[in-house]
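Participant: Protein chains in written order, with this note's numbering: chain A, 103 to 410; chain B, 5 to 385; chain C, 652 to 924.
List time: in silico DSSO-like cross-link candidates among lysine-lysine, alpha-carbon distance up to 27 Å: (1) B:K93 with C:K825; (2) C:K907 with B:K153; (3) C:K825 with B:K178; (4) B:K310 with B:K272.
Because the hints were derived from the structure by calculation, they are not lab data.
The chain contents come next:
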Amino acid sequence: MSRFLARAGKRLAGRWAVIGIPYAWLLFFFLVPFLIVIKISLSEVTIAIPPYLPTIDLAEGWSSIRDAISQFSFENYIWLTEDDLYWKSYLSSIQIAGISTLITLLVGYPLAYGMARAPSQWRPTLVMLVILPFWTSFLIRVYAWIGILKNEGLLNQFLLWLGVIDDPLIILNTNWAVYIGIVYSYLPFMVLPLYATLEKMDHSLLEAAEDLGCPPWKAFWQITVPLSLPGILAGSFLVFIPAVGEFVIPDLLGGSNTLMIGKTLWVEFFSNRDWPVSSAVAVILLLILVVPIVLFQNQQQKMQERDK
Amino acid sequence: MAKKPIGPIRRTFAPWDDPEQRPFIEFRNVTKRFGDFTAVDNLSQTIYEREFFALLGGSGCGKTTLMRMLAGFETPTEGEIFLDGKSLKGVPPYHRPVNMMFQSYALFPHMSVADNIAFGLKQDGVPKSEISERVAEMLRLVKLEAFGKRKPHQLSGGQRQRVALARSLAKRPKVLLLDEPLAALDKKLREDTQFELMDLQMDMGLTFLIVTHDQEEAMTVADRIAVMDSGRIIQVATPPEIYEGPNSRFVADFIGDINIFESKVVAKSAEGTRLHATDLGVEFDVGQTTAANVGDTVGFGIRPEKISVSLDKPEKDFVVEAEVWDIGYLGDISTFHCHTMNEVALRASVANVTRLVERPIAWDDKVWLTWGRDAGVILVD
Amino acid sequence: MNRGASWFNVTSIVVGFAFLYLPIVILVIFSFNESRLVTVWGGFSTKWYVEMLHNKQLLDAAWVTLRVAFTSATVATVLGTIGALVLARMGRFRGRSLFSGMIYAPLVMPDVILGLSLLLLFVAINQDRGFWTVMLAHTTFGMCYVAVVVQSRLVGFDRSLEEAAMDLGCPPVKTFFLITLPLILPGVLAGWMLAFTLSLDDLVIASFTTGPGATTLPMKIYSQVRLGVTPEINAVCTILVVLVTVGVIVASLVTKRREFSRLRDERMAAAAP
Chain A
103 MSRFLARAGK RLAGRWAVIG IPYAWLLFFF LVPFLIVIKI SLSEVTIAIP PYLPTIDLAE
163 GWSSIRDAIS QFSFENYIWL TEDDLYWKSY LSSIQIAGIS TLITLLVGYP LAYGMARAPS
223 QWRPTLVMLV ILPFWTSFLI RVYAWIGILK NEGLLNQFLL WLGVIDDPLI ILNTNWAVYI
283 GIVYSYLPFM VLPLYATLEK MDHSLLEAAE DLGCPPWKAF WQITVPLSLP GILAGSFLVF
343 IPAVGEFVIP DLLGGSNTLM IGKTLWVEFF SNRDWPVSSA VAVILLLILV VPIVLFQNQQ
403 QKMQERDK
Chain B
5 MAKKPIGPIR RTFAPWDDPE QRPFIEFRNV TKRFGDFTAV DNLSQTIYER EFFALLGGSG
65 CGKTTLMRML AGFETPTEGE IFLDGKSLKG VPPYHRPVNM MFQSYALFPH MSVADNIAFG
125 LKQDGVPKSE ISERVAEMLR LVKLEAFGKR KPHQLSGGQR QRVALARSLA KRPKVLLLDE
185 PLAALDKKLR EDTQFELMDL QMDMGLTFLI VTHDQEEAMT VADRIAVMDS GRIIQVATPP
245 EIYEGPNSRF VADFIGDINI FESKVVAKSA EGTRLHATDL GVEFDVGQTT AANVGDTVGF
305 GIRPEKISVS LDKPEKDFVV EAEVWDIGYL GDISTFHCHT MNEVALRASV ANVTRLVERP
365 IAWDDKVWLT WGRDAGVILV D
Chain C
652 MNRGASWFNV TSIVVGFAFL YLPIVILVIF SFNESRLVTV WGGFSTKWYV EMLHNKQLLD
712 AAWVTLRVAF TSATVATVLG TIGALVLARM GRFRGRSLFS GMIYAPLVMP DVILGLSLLL
772 LFVAINQDRG FWTVMLAHTT FGMCYVAVVV QSRLVGFDRS LEEAAMDLGC PPVKTFFLIT
832 LPLILPGVLA GWMLAFTLSL DDLVIASFTT GPGATTLPMK IYSQVRLGVT PEINAVCTIL
892 VVLVTVGVIV ASLVTKRREF SRLRDERMAA AAP
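Full structure from sequences and hints, please.
Facilitator: Here you go:
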């Protein structure tokens, strides 16, 4: 009997060890940091190392923690509401991310659709070609657009040469450059889920629709688009959520009046050295994104259940 | 309720009738529930050593679940399973002397045929020389001597099935479980393999438990068949007993083809029962006693081949007049779908004993049907 | 079916891919520019490649980046594969939703949040920033990507192979290493490559979590871009692009060849009696 228990115990222990390793890692390196961010957001900035007060000295035990908690305040959050910059940045970020996601969808859908309809022997190659730019550096590709979009850049040179315009278009350092940059960088994230959904679609459904008197363009809107909705949602989440907090693209391609929260946070942290305010900015950003993130995870779960 | 077999049947292997024999596999009040759904319902059954035992039933009847519990991949919610006197409770599949041949064969695609067969032996730490001997023996057994180095994707379906068989026999398990092993094979190959399996089982003296939905397969290979439905065993008997002596309408209808008529018990005696088939309007004797009382309604089941069909009215105690509605010509037999004068449908079949292409009985012919005392069976539930 | 939509399909694909590749092509072309300007062509020259090879800071940064990418990808692959196992095989357990959330969240989380939170963690535990903190940060988000990739492989995996192995006497852990792992290896390797690329490419998280002496290549490129740019950067970028392209092409050719020989074997076997 005791041997049975020992063996059963060993098997259970093995199972928990396997679960435990990645779990513990993520708890420590993902979850705990968020708690720390919250804690810092409630702290005061100071010129010291580290540049915030209070600091918790765990060696002093529980009293130090209680002490610190009593010093917490929502000052930083109030500060965020007082200065226009912040809430404007949040709104602007959501707006820019939203518009970019829409453009990405409009650009990516025909591409994904074309790929899904291509002869099947070409499809793996096409998929590889879509993924390839993604493997090359993100930073590099954004940088390449600077050369194209600036006033003396290639796009303007080309358009001037064609005679389409007389003066160079001012694109760089405006919101439009940011849109182009986001669409360009995140395109694979939209195309791949869309392609996966479109490819799995049963073509005989469209044939049935045509057989019943439905013209192809109508069948597209009434059958193809609704059936590709999971792909549209997945792609949109994969573009929108990170785009809200995007830093590199607005920094390199956007102008001084391109307000995005990622840039604001960076400046707050590196230039103003104000860790507590940066943390508060991060917490609010996270709260804004919680809803889309949870929706995204639910959608992923549902799709997995269906595939099973 | 066990029915007496009709006539003397010679059996040389029937440990289930021998009170001295100890059961080899025992399911004791085994129940398996998945959430709200009960897959196996308080099932008790014994299986003897060297038996070829078949679990037969439609999808969802619980036969696969039962087998997987014996293999160790599912744990009974209630009840216990015993093998050779020892309980299997808490014993994981890799510690059971039971091996399974999977329906999909489950050959390891990244290993050669020889490595697949040797896999189980390697887990037991058998010395290398012995392993290669045993693998060679298994390859000879399934006639794949030249295929040792090939990988599974380089084999045809029939060859993969033999490798799966060889792999599951390599460890000489006490019990071999076969999960619909022949489902993927074409008819001719399936028939040949059925006989090969039977020979193998007898020569090696192993206990086989086969799960199948194919009644012909079960009837061909098995010593005993257990017909299952909704998690329970309805009847366990030898193939002839199951076919000729079904214990319920379900089993009668499940195995083979049968006509069932609701009949009233007119008289009972020590030698048999007299029934009145209400819809057919005839009275006849059945050489079987029943526990039902006079006046009760029972089912009378008679298989098509037991009904005699003739164009001329025979001199018998009773006849049923019918018209041939449809004929199914199957080569070896012809099945006549007949309608009686009051629209009762009957199926009768006749062996085609001559090579005539033009058969004497044709569509719309009037025929006379009758049968003997021991042709049909009384079904109570 | 394809009538009418055909020309539209071809156009969409051509336009789409042109959009994707044009910037890269331009980048590569201008890496051979004689003049200092990045957008005006002055003639063909390979001098920027020579300068790049003499730029010690740049090469140091590249070396750091490679080391970080390699180590973090490898650790991330191990952790991520275990994570995938947990999600795909361990069924329901207490705390599963939290675990699943922690795996999926980093995939969409903005880099600035991840970077900031990890830096604050390192400060809180008094850990000096440098190579190892960047590596730990990259491992953390890398493992989530690996877990998602490997999990999709495991979900489609034929469980009866694992059952057959256990039926033949192989305990679960051994079954994983002998049967499951070899067969999901392509997925695991794809996960490694993904984690490697993401690490190679990361700017924001590295900026937050790095320390003196551990400047990564993206950080170097970024600072150069802000200061003023010469085609030397183009040269660096071109090298990276070429390396990646060659790698991806080789990988896909290898897979194609294996698929082809496999199909051929199957066809031969089916033809045999």
